[in-house]
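Peer 1: Just so you know, the protein sequences line up as chains F and R, in that order.
Take the first sequence: its letter number 6 is residue 31 in my numbering, and every next letter is one higher.
Take the second sequence: its letter number 38 is residue 390 in my numbering, and every next letter is one higher.
Worth flagging that the hints you see were computed from the coordinates, not collected in a lab.
Built from N, CA and C at the ideal position, the CB exists for glycine as well.
Treat each hint with caution, since some may be false.
Derived DEER-like restraints, expressed as beta-carbon distance ranges [unchecked claim]:
no.	chain 1	residue 1	chain 2	residue 2	range
1	R	T974	F	W66	47 to 53 angstroms
2	R	F409	F	G55	45 to 51 angstroms
3	F	G128	R	I1033	52 to 58 angstroms
4	R	F409	F	I79	47 to 53 angstroms
So you can see what is in the structure, the chains are spelled out below.
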Amino acid sequence: MNEDIKKSKANNIILNKSEENLLLEHNYDGIEEFDYPLPAWWVWTFIGGVTFGIFYIYFYNFAGAPSLKEDFKIEMAAIEKVITAQRKLTGNFDMADFKSWQGGENSMQMAAVVYEENCLSCHEEGGKGDIGPNLTDEFWLNVNKVSPDVLYGFILKGNEDNGMPAWEDMLSKEELYAAVQFVLSVQNKNLPGKEPQGKKLSE
Amino acid sequence: MTTETNSQDFETFSYDDKLTKMFVIATLIWGAVALFLGVWIAFELASYKLNLDLPWFTFGRLRPLHTNAAIFAFIGNAIFAGVYYSTQRLLKTRLASDLLGRIHFWGWQLIIVGAAITLPLGISSAKEYAELEWPLDILVAAIWVTFGINFFLTIQKRRERHIYVAIWFYIATIITVAVLYVVNNLAIPVSFMKSYSVFAGVQDALVQWWYGHNAVAFFLTTPFLGLMYYFIPKAINRPVYSYRLSIIHFWSLIFVYIWAGPHHLLYSTLPEWVQTLGVGFSIALWAPSWGGMINGLLTLRGAWDRVRREPILKFMATAVTFYGMSTFEGPLLSIKSVNSLAHFTDWIVGHVHSGTIGWNYMLTSGMIYFMVPKLWNTKLYSERLANIQFWSSTIGLLFYIVSMWAAGITQGLMWRAIDDTGKLVYKDFVETVDKIIPMYWLRAFGGTLVLIGFLILIYNVYKTIKNAPKDQVEEKFKALPLSAVPLDTHGGRHRKLEGLPLLFSVLAFLAILVGSVIELVPSLVSNQFIVMDARVKPYSALEVAGRDVYVREGCYTCHSQLVRPLIEDKLRYGRVSEAAEYVYDRPFQWGSRRIGPDLHRIGKKYGNIWHYRHMLNPREITPLSIMPNYPWLYKNKVKFEVLTKKLSVLAALGAPYSEEELKQAPAMAKAQAKLIIDELIADGVPEKMVNKEIIALIAYLQRLGVDMAEEKKDEVTSTK
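This is chain F alone, in the form it adopts within the complex (with noise of 0.2 angstroms):
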């Protein structure tokens, strides 16, 4: 046997000489204890936790740091600029803006697919209504013409009371004139659905 390693007392282990210093006298069930030093990688990761954590307390409670309520106030003002200024575009309705869009070849196509996406849950298949309002009769809950300027204007706050949302902040204007240009297209379809709601409005 090389002189340079022994074995333990319990395990009948194999050690070499560097290990041998390091074992203590203890023993659990054959269980033995070496006492290596602590890795010294690991005792600054300690430190550095602690170091971090202390001053990450410090920083955030005593050292003025912005809040959580504070940084969203900041951010939040950031992207209410953006939105106020997208509402001043979305919000001003121009006849001939609209009517040369719809005049566009995918107007259509596009009023069915921001249909699909957007009210077909609550207006149901060819606007014939189930949570909301029949589209296709003559009858109206929130408008008093049935116009482009007027339902524009209308999709775009809502009737919360009504469970109709504002859509100003979802859709883009592209998108709203295409909402208008589906209720325009199935007007006056009276498809069975919803019974009539609202007010009579003749044309």
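Using the hints, position chain R against chain F.
Peer 2: Relative to the frame of chain F, chain R by itself:
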């Protein structure tokens, strides 16, 4: 163990291994159940049809059963098996009481059966990993204390002067779990199977996540570190790497861990100083956690060739590796910027499972392969099957983790995507769900591999036991009595402390108490952390009934009720949530995962008929929805007569109901239901639905988050 020459002083004793065997069998049975439930609900998310339109099979009811079964039934029984096996050997004594051991075993199994019956029935207190109702809570506490008494009495009659590091971890576990469980489950009963939490809103959230986080710490981590310290050196037959490391990481781990709970509540309405404490301590927790990993892995050092060959060591080395991975991921996820992306996503689900499957399942498997041949005095039936289990589980777990990373990060990024006109790119929540469905299939596949691995383990153990000799006799051991074992006086102060288990236990208790008291007490005893708002009123009787339906169905497993101060939350859901809005929420229902959208601003967003149709078949309104149908809400009647009792309990807890409101609760609830049905009749709903649960649920949903709505007028999203 009796290498010295025989002397008159030696005492003869045996170990109560029968009890260990019972816990091993229970671990295998409940492990299969827990994993099967996990796989089932994973498939439910991939295909909603598996909810089967039956109340007992919906995700909302089975998910709590899965988590409770996995943590308390599977991992719990594994802990007890390993603790009883190792403690007796480490202390050179038989358990103090065989009888207490049996009471512990059968009591625990009774609790599990109770959970398996009550949770699918919707009997739930809706606090995550603490869903059991009060009678079972009391039983859990009683059985846990039985376990503790038997454990400490066993320490008392030990023949080993000093207690080994495994025992330190067991002590910390037993003390802390008792404290956590009792405090978090404090509630006032309404009936035999219904209670309301004594904490409300923000305070309930704080207590719940102090509990929830430390259930991970002191049920899934500390006992397993103890088991690791016993089974790894035993299995590899090498000394533990570093005694001094074990001292430092033990004390730092239990002291630091208890503070980190609030990282589950970042960007919530919890006072910000508590949130920052939670984050600071989470970062500081990284090294103490890794101390355990290093001691485990470096104990295996020098014998890597055996780790490659022997399944037991493979399981153990893998377990420690995943422990290291998930305890690095944890602090990472607690950093605010990472948290704002990952919170409420599947990343968290993946993180949890890299701990529970990677660490607990793997170590349990290794431990069972180690113990079973010894307990039954035979050899393992098949190493090959053990290897197959190892690879099946490891590959399954990798599928699980990677798919959840992908799903979580994808969904988190989609939620926050905003285009340059200030609009959400994916304004329909369901788009972000639909996108990750392929990941749900992959996850379910990975989970199935883990389950198959476990079934192989069961078969292997079954065959092993079957081949074992029939006449099992208890082996006799000899050791000197404690009085003949001197205190080690050369080992320093900690060495001395290891000879004084009672003092050791008191110090461990103090270590976990400091963080608990500093974080919890100021927020609990004083309401100054919550700015009260006079506009916020308690729920009406019908809304209370509806809220209890929400709780029963486990809606919180998929829906949050917390709009965070983040742009993406504000744009998608509306006004940021405030602490004052939750003061009557018992329990709080903030949730931890958005499989569906947040609901805190759902009130008045849609008409009643929308909810009526939606709960019956969500796909009629949202074609891609994966939410279950809830047809039974249209058949079950509201129990109006219990509302007086319910409101009285809430009043006793501080809700300002008038005498009239309490006495007339059933009549007032019926009147409110009448108002709702009158509106629905216009949409074709039959009048007889007036007394059904759906009406109560609609009343509750329409009330959510509307009390402080006036402020909304000042904000940009609705400027005129």
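Peer 1: Now tell me, hint by hint, if it's right for this structure.
Peer 2: We went through each hint and held it up to the structure:
Taking 47 to 53 angstroms as the suggested C-beta distance range, the pair T974/R and W66/F conforms, at roughly 52 angstroms. At roughly 49 angstroms, the beta carbons of F409/R and G55/F sit within the given window of 45 to 51 angstroms. The beta-carbon spacing between G128/F and I1033/R, approximately 45 angstroms, falls outside the hinted interval of 52 to 58 angstroms. At about 49 angstroms, the CB distance of F409/R to I79/F agrees with the hint of 47 to 53 angstroms.
Violated hint for the displayed structure: number 3, the only one.
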